[in-house]
Amino acid sequence: MFFGLSEEQEQFHDYVKKFLTDNVTVDEIRKIASGEDVALQQEIYGGLINLGINALLVPEEHGGLGADLLSAVAVAQGLGAGVGPIPFAGAYVMAPIALNLAGSEAQKKKYLSQIVSNETKFGVGLSEYVAAREDAGIDLSGDKANGKALFVIDGDEADYFLLANKGGVLFLVDAKDQGVEVTKLTSVDKTRSYLELTLKNVIAEVLPESEKNPEIAKKVLDAGRIIFAADSLGASESMIEKAVSYAKERKQFNRVIGSFQAVKHMCAEMASDLEPCYAMLWQAAHSFDHSPEEARLQACQAKSHISEVAKMVSKKATEVHGGMGFTDLLGLHYWFKRIGLNRQLLGGPELIREEAAEIQGFNQ
Amino acid sequence: MDLNYGAEYDDFRKDVQAFCKEYQGVSFKSESNDNEMSDALSGSSVNKKAAKEVTRSEWQKILIEKGFIARAIPKEYGGYGGETDIIKSRIIATEFSKAKVPGGMGGQGIDMLVPTLLEWGTEEQKQQYIRPTLHGEMIWCQGYSEPNAGSDLASLQTKAELIDGNWVINGQKIWTSTAQYSQMMFCLVRTEPEASKHAGISFILIPMETPGIEIRPLVDMTLKAGFNEVFFDDVTVPEENIVAKRGEGWSVANSVLGHERGSLADPNATMNRLNTLINMMKEQTIDGRRLIDIPSYRDRLMQVQGKVMASQAHSLRLLSSKINPGQNVKLGGMIQKLVGTELRHELEGLAIDVLGEIGTLYEDSPYLKEDGSFQFTYMYFLGLIIGGGTNQIQKNIISERGLGMPKEPKVTEAS
Ligand SMILES: Cc1cc2nc3c(=O)[nH]c(=O)nc-3n(C[C@H](O)[C@H](O)[C@H](O)COP(=O)(O)OP(=O)(O)OC[C@H]3O[C@@H](n4cnc5c(N)ncnc54)[C@H](O)[C@@H]3O)c2cc1C
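Going line by line, the protein sequences match chains L and H. For the first sequence, position 80 matches number 313 in the working numbering, and the numbering has no gaps at all. For the second sequence, position 404 matches number 441 in the working numbering, and the numbering has no gaps at all.
Looking at chain H on its own, in the form it has when it is part of the complex:
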């Protein structure tokens, strides 16, 4: 066991700390009113009376220039052009989180599409899409799920036909997060109807302004329109908008699913939320007694803290396995989405319980604590328990690929 990153990282940590100090309390010029909630999700807190105001996109550029994000992405595509260094990434994440300085943008473009293009894209595609995506100027949505293809994603039916050098797309997607704000969609479509289920799928990039696309927002349980239905009626895009070859879409999509699952429950954010909860339990009272002085609440808090500490330590072990080849933590990576989303949901739920009736308030009551973010995040994480491959599907994956248990026998005729 050696928890030192090595002296060569001390200077780097100091640089990051100095940066965080300089930008402590930075806030975003209001572009959309979703910022507050997304801060609660990431566990950062943005000072509303802050001196420094930037747009999200300006912030992205500052972070890239410093190499705090897009570190290993080549300069020619708008990245920092450095080496992958996961210890540095870890230091950045930890220091930003400690100082509560907001990190870079996430989202499906940056987290999923960029790694996909780096692995599978043509030179033209990389040149065209990566830079604006990294700079927050091109927002992407992920068009995978369909009404009849959720967990069983490979049964998707939206089809694309190659006609006169163009893909002509017809069908419907659903649960498409942020489609209404997006410039582009990366989409799974069926291009080879004759081929088997998995071999008939291709990965296509679609500008959202293309005629024939209709977006209908769907309000979710948080009462925000977090996702949408997207309809395609003879939507036509150029042949070169395909990523990889025809029929390779399933492999393309799977190669980056891990990125999404890993990013769904960041342990640093969970730790920050735990600290927010602890502070709140020290401040709020019932009959003059601090919430933290009530033994049953305190015991639940300590239980959640135990789980948070375990997952923090676990993320260090995963980090270690990436820099020390031969350290085997196969199962360790597979459990992250399941364990992380369930824990976060439990933590936010505990905050609601200790607040009692106050915990049920929402949106704009004068008695709201932490802007009502506990209720919002409690519900939001139920969404993440379902999205990104449901937690039941995660258990299938853990038992089959992690523990080597047999697959479900196929049912020939569905009833």
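With the rest of the complex left out, here is chain L:
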């Protein structure tokens, strides 16, 4: 029995975290967030692709690494820790899982190998499937899609978009299709992209298994939620590390502020609420591949619980830094905002808890 990340997964995680700490300072994050330094973002993106994060979940028969979701979680923790300004949850987790579970043999062959070679990039929009806001929603009839998809992730350079209708039918649209209109949405978290798509008679390439089995869309959703939970956990871990080390250096009243109990107790509360989240997250990821009967509930609870803990951490860690925590100078807010975005993506905690109750048959 071994409960935790394997040595390999641990190394993967440490590498991503270190890569970002070494290569992406707060100054650089700022330049990327303001759109000032696109080349730099490409360089970072390239560095992580070299590590193979795109090939992670693609099965070996299509040239990928055939890893399980827990390995992707290890990467996502590292990306959250370093506010990695690159696509991941949609492009390299949800898209390959959707293609692999719902694609025809021909689709798998074509697209999965292109994910591995990084020739083809996927943006992902499942917001309409989870909870369509007014003005949004997608109609799929035959091979034509119409409507509007909001909050599409990882779509900046996408060649295709993976979307779903309310019934959980997954389909691809070509970004070059004339009927696809792409508008950028500005969110608080400028380290990741966020799009609105308007679809007018766009050709939809349906992933056929998702029509037959509505569980597949849920599975894709579970994976995305687990990855966003992992990202928030990594971001929280970094925020605690920053708060603790700042508290050991900053002096007031002739003492380091870390010797004040009010400060120590905030740090202890952050650490002790976050600590059990590791096991919860890893268990959910493990169940995703190995215990399907427990997986949905665990994915929902991991996303909602970790979102709550992360929100608390992002607040307290900022407070520990005093005025400095509030400045753009220190850049702590990039982590704060990353956690803020993750919390809402693919369903906020309240919505997901309703789903968790439903899975258990609690709300009739």
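Don't take each hint at face value.
Below, a list of computed lysine-lysine pairs in the BS3-like style, where the Cα atoms sit at most 27 Å apart [to be verified]:
| no. | chain 1 | residue 1 | chain 2 | residue 2 |
| --- | --- | --- | --- | --- |
| 1 | H | K89 | H | K406 |
| 2 | H | K406 | L | K548 |
| 3 | L | K423 | L | K409 |
| 4 | H | K406 | H | K137 |
| 5 | L | K399 | L | K341 |
| 6 | L | K484 | H | K447 |
| 7 | L | K451 | L | K399 |
| 8 | L | K549 | H | K89 |
| 9 | H | K444 | L | K484 |
| 10 | L | K548 | H | K367 |
| 11 | H | K137 | H | K282 |
| 12 | H | K367 | L | K251 |
| 13 | L | K544 | H | K367 |
| 14 | L | K475 | H | K444 |
| 15 | H | K234 | H | K282 |
Heads up, incomplete: computed chain L residues facing chain H, CB under 7 Å, no partners named [stated by the list, open to error]:
| no. | residue |
| --- | --- |
| 16 | S478 |
| 17 | A495 |
| 18 | H498 |
| 19 | R586 |
Hints are computed from structural coordinates only; laboratory data are not their basis. Built from N, CA and C at the ideal position, the CB exists for glycine as well.
Given the coordinates of chain L, assemble chain H with the ligand onto it according to the supplied hints.
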């Protein structure tokens, strides 16, 4: 990640399951009326109309014989005489909890004194005390806290002087749980007044029948006399009742504090209580609506469930760290008392909230749900948030030893 314990444990699990089946619904011959509440605390439920009735002490012996408790304690001291195997312990705890079969006795003798004696005791002490303690025939209380030495335990003043081969003890203890039912006390006393605060303390075993001991029960907020004041007036015990050397009492006490803190909030018990709460929310109604169908209640339930699931997973990770050397979860162990007691208090409090006015009933109202155990346990866990090192002290420990933050500067002159 590998959640399999291995095939060698499958047979063992089957044995445990068979045992649980055989003893499903076992109940205890009433020795004290505290059983019901202690069942609520441990999350087990004892069938009152059960066919099988045993005394607690008989039950202890059955469990030891099977190796379900006292597993790694040598036979000569009354244990099972096996190897420590924490996976087996985990299987036992899980299966007992699932089947709601009561586990072995807890308490300060079994949880704290026995491990202390195994580590520090003389051969005579082990022979004399461990067997009756394991069999539930010798109940112990813990005499640490004093009126002026609570969180700052090392400032304790109860003194023991060695006079003619006997320790003569004078002073007072307080908050001593179960002192009124106990045969023995393990006690921290000051034996070296010249030495520094921590180096002047010794660990002494005191029979409660010794003349000069006066016990005054203190009623706690649950309206039970859960703890006591204990006064010592020239209480005389033989020199050999000291455990370890003079002045080593602080080290002795600290070596087993972890045992107590770990045992205060068992995740299996918390899971069982969550299930009890869920069932109750499906049965009880307001205006004909099930409590679980009320969205705000349901949302709080789901929040608590998330925390319970996290702590269950966390306990698996801790287990894993014990069998896989090199897996580092230092902070993971330190948070257990804080997180576990707060969670349990929150869970029981939620049950009261969803019951509304009914949730305020206590002791013997006809409308009581679950024998009123939600109110009792809600209050009891507030006691555990304070006892065993308050949760503020836990936060000091987590920040100082876990996160490496500086200690409070010493105040030279108290005002
Ligand atoms: C249910 C229960 C059972 C108990 N059973 C036993 C028993 O069997 N045997 C036994 O010896 N004792 C027992 N105790 C005593 C228990 O160990 C003490 O109550 C506890 O250690 C706190 O000490 P105190 O009550 O003197 O509170 P105090 O130490 O006076 O604490 C009062 C408040 O000050 C805070 N405080 C104190 N020091 C600090 C600090 N350094 N930093 C931050 N905050 C601080 C505390 O957190 C608390 O909020 C029991 C207590 C309870 C509640």
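* To do: Enumerate the violated hints, using their earlier numbering and listing them in ascending order.
  => The structure breaks hints 2, 8, 11, 16 and 17; every other hint is satisfied.
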